[in-house]
Amino acid sequence: MSQLGLARLQFGVTTVYHFFFVPITIGLAVLLAILESMYVATGNEDYKILTKFWGKLFLINFAVGVVTGILQEFQFGLDWANYSRFVGDIFGAPLAIEALAAFFLESTFIGIWQFGWEQVSKRVHLLAIWMVALGTTLSGFWILTANSFMQEPVGYMLVNGKAEMKSFGDLLVNPQLWVEFPHTIVAAYLTAAVFMLAISAYQILHHRNPELFKKSFKLASVAVLVTGIAVALIGDQQATHLVTAQPMKMAAAEAIWQNTPNHAPWTVIGVVDSKTHKIQDAVQIPDLLSILAYKHLSGSLQGMNTLQAKDVQQYGQGNYVPPVAPTFYAFRVMILMGVLMILAGLWATIRLRGEKFLDNRRLLKVMIWTLPMPYIANASGWIMTEVGRQPWVVYGLLSTARGVSPAGTVPAFDIWTSLVLFSAIYTALAVAAVFLFKKYTDLGATPAKAPVESGEDGYLHVVS
Amino acid sequence: MNLNVLWFVLIGVLFVGYFFLEGFDYGVGMIYQFLGHSDTERRVALNAIGPTWGANEVWLITAGGAIFAAFPEWYATLFSGFYLALVLMLLGLIARGVALEYRSRHDNPGWRRMWDWALTIGSFIPALLWGVAVANLVRGVPINSQMNFTGNLLTLLNPYALWSGLAMVVVFLAHGAYFLSMKTRGMISYRAKQVVKPLGYGAVAMVLVLLLWTATLKDLRLAAVPALVGLAALILIAAAVVAMTKNRIRWAFFLHGAGIALLTVSFFAAMFPRVMISSLNPQWSLTIYNAASNSYTLQVMTIVALTMVPIVLAYQVWTYWIFRRRVGTKSFMEY
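Here the protein sequences line up with chains W and S, keeping their order. Taking our numbering, the leading residue of the first sequence gets 10, the next gets one more, and so forth. Taking our numbering, the leading residue of the second sequence gets 1172, the next gets one more, and so forth.
If you are wondering where the hints come from, they were derived from the structure by calculation, not from laboratory data. Note that CB positions come from ideal geometry on N, CA and C, so glycine has one too. Hints should not be assumed to be uniformly reliable.
What the hints assert, rightly or not - Just so you have them, the derived chain W footprint on chain S, three or more residues with Cβ under 8 angstroms:
| id | region |
| --- | --- |
| 1 | 1255-1265 |
| 2 | 1268-1279 |
| 3 | 1308-1322 |
| 4 | 1470-1481 |
Said to hold, decoys possible - Result set (EDC-like, lysine to aspartate or glutamate): computed pairs, CA atoms no more than 20 angstroms apart in a straight line:
| id | chain 1 | residue 1 | chain 2 | residue 2 |
| --- | --- | --- | --- | --- |
| 5 | S | 1501 | S | 1212 |
| 6 | W | 223 | W | 451 |
| 7 | W | 447 | S | 1278 |
| 8 | W | 374 | W | 451 |
| 9 | W | 448 | S | 1278 |
| 10 | W | 57 | W | 127 |
| 11 | W | 61 | W | 127 |
| 12 | W | 57 | S | 1505 |
| 13 | W | 65 | W | 127 |
| 14 | W | 223 | W | 55 |
| 15 | W | 65 | W | 54 |
| 16 | W | 65 | S | 1278 |
| 17 | S | 1501 | W | 127 |
| 18 | W | 374 | W | 364 |
| 19 | W | 131 | W | 55 |
| 20 | W | 365 | W | 220 |
| 21 | W | 227 | W | 364 |
| 22 | S | 1501 | S | 1278 |
| 23 | W | 224 | W | 55 |
| 24 | W | 57 | W | 220 |
| 25 | W | 223 | W | 54 |
| 26 | W | 65 | W | 451 |
| 27 | W | 227 | W | 368 |
| 28 | W | 65 | S | 1505 |
| 29 | W | 131 | S | 1505 |
| 30 | W | 61 | S | 1505 |
| 31 | W | 448 | S | 1212 |
Construct the entire structure; sequences and hints are all you get.
Here it is as structure tokens:
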């Protein structure tokens, strides 16, 4: 594999892996904050026990999210030095702000939250988890501000072959950001809600504290339904925006080479044949693509052949068509997962009345099987977004091939080495994390730890 | 002071914070399993850094982000150039972070031994490699006219840099031992006090040699400032040992920490106004001017930093206040 290919593989692998942990961190922080708020508001100990149970799983997840995030902060410099030089003037700013405004917030307050149950007042403790939730969501905002610039560069000027910042405000009102950020953040909330729903169902099914876990089941099922629908609606807005902002990505996601007729059908599924520029065995819904793209029964979309010819005129000779099959399939996998999650949320929510879900074994089993869905959806969404942007790393400004570190400084061997090492340690971490998830899930929710009081010497003692 | 200088200073401050705070975390990580003879004793040490190590580490992340935002050419040259060293450091940091959180979550002895070593090695590697990196930054590395590093990992592992790495390890070990003497009770504190003086003396000797070695480097404009600051750092590190012999533990910890801070300042002062020194041609060095973002970006970032840094400092200090008590075997232990 070429040095460029290795660099791309490394970025893809480490980033997708990182993003297995991030959405739970973002979403579960909010759900924990809600549970603890209910504890503080009602004084009902059940909510405290629940907060501690979900808190354990949160911390197991959080640890891997944080450490894999350290690599993210530095890997633009590692493998993408030329990218960093080209765009650092703009791209570095949101990254630095993310660290300063978000990472400090979440990591300081998670310390207070984790260690402070007996050290600070109830209200301060509650404040801590809300600060963590704020920090993780803010962190999402700033990193997506950076990513949005790669999708849709705004607020820059080209000086001596480099992009320099012209308007920070433009970065913040980037139209791409305001579809991408809500979509991603709400998807993170959905991920955590599904996580909570699946594990609550598992506990109820195994008769572990069903009286307790029905509370988190209820919270989660409503959350899945609401956030699932919201993700879809925002995603629809995002697709509409894509038609004008990155028409090539849209065409690839739909596998349309020729311009569509005025009433464009939407291909539900089919076999993409990149050689003949056709979709075999396509199942299509008439007019739906026009509706998705323009919110109108008619409207033609440009095909990749037309767009390629335009791009050659604008940017010079080259191939501007992204890998079509991964973009097309990833898009559909994401949508399928989203639909399934909404249906699961709907079913669970309907069965909340009279607590019918408690005895419905089939429903509970189905809910357990929703667990992998948000992970698959998140990964697919990012694959579509990032693969569909190729051959650009910054859309229309810098090709991915020009962004990689010079081979003289970072030879392919070095990337191989690091790829092998990171893959090994990431695999080990995944095994450890899954082991602990399972262990703490099976332990169930135990009553709060033995109370602690101050001893005569002024130190805290566990009362046993 | 123009904004380029301000950002150089600000990044220096971030590294001071990082080395001061994570310095004792790394020290504790390297030493705790040797000071703690029972599992409970080891956990005392880990819980002493438990509530705060995560935020301490963000000083490094922020320093990385600040370099990217203010001096993108520095970010690109440094991290692509020091590639394998950085990869090793990241592996260490990854192993260490997860080890802290996972170690005590399962009581199988094999599990705990595994994470103990992950934590110890994962603390040793960044301590060593930061020493190596800083020395190479001061000494200069092969950088061509295109701002690209042309050496390899072995270029970085020269005797001077390795000495600096080992010095950093010993300085952090001592820092961790001072911290445990101050923050824990019982056997851990007792044993930390036993080892802290030899470690403190070791730190003095290592830093003394490092400073003398640095003074012999040609091309270094050993102006008065870095030399004097380095000397002051040495004196503070020595004073910490003296304070320890008088059983002024808190004084000892902060004196040693101040020594680390001044050592960092001295290295930054030695580089100034360069950020990456080219050993091939002085003209090819990266400076705070040719490596910087444009003045608009620097202005925006200055406003952000001057607003956020005081807030961050305030709540971080508050956390240390909340967890000011010493940790003993009967304390509430999360780790």
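Each hint, compared with the structure:
no., hint, verdict
1, 1255-1265, "holds (count 7)"
2, 1268-1279, "holds (count 7)"
3, 1308-1322, "holds (count 5)"
4, 1470-1481, "holds (count 6)"
5, S/1501 - S/1212, "10 angstroms, holds"
6, W/223 - W/451, "16 angstroms, holds"
7, W/447 - S/1278, "15 angstroms, holds"
8, W/374 - W/451, "16 angstroms, holds"
9, W/448 - S/1278, "12 angstroms, holds"
10, W/57 - W/127, "13 angstroms, holds"
11, W/61 - W/127, "13 angstroms, holds"
12, W/57 - S/1505, "16 angstroms, holds"
13, W/65 - W/127, "16 angstroms, holds"
14, W/223 - W/55, "11 angstroms, holds"
15, W/65 - W/54, "17 angstroms, holds"
16, W/65 - S/1278, "16 angstroms, holds"
17, S/1501 - W/127, "14 angstroms, holds"
18, W/374 - W/364, "16 angstroms, holds"
19, W/131 - W/55, "15 angstroms, holds"
20, W/365 - W/220, "13 angstroms, holds"
21, W/227 - W/364, "9 angstroms, holds"
22, S/1501 - S/1278, "18 angstroms, holds"
23, W/224 - W/55, "9 angstroms, holds"
24, W/57 - W/220, "14 angstroms, holds"
25, W/223 - W/54, "15 angstroms, holds"
26, W/65 - W/451, "12 angstroms, holds"
27, W/227 - W/368, "14 angstroms, holds"
28, W/65 - S/1505, "10 angstroms, holds"
29, W/131 - S/1505, "18 angstroms, holds"
30, W/61 - S/1505, "12 angstroms, holds"
31, W/448 - S/1212, "25 angstroms, violated"
The structure fails to meet hint 31 from the earlier list, while all remaining hints are met.
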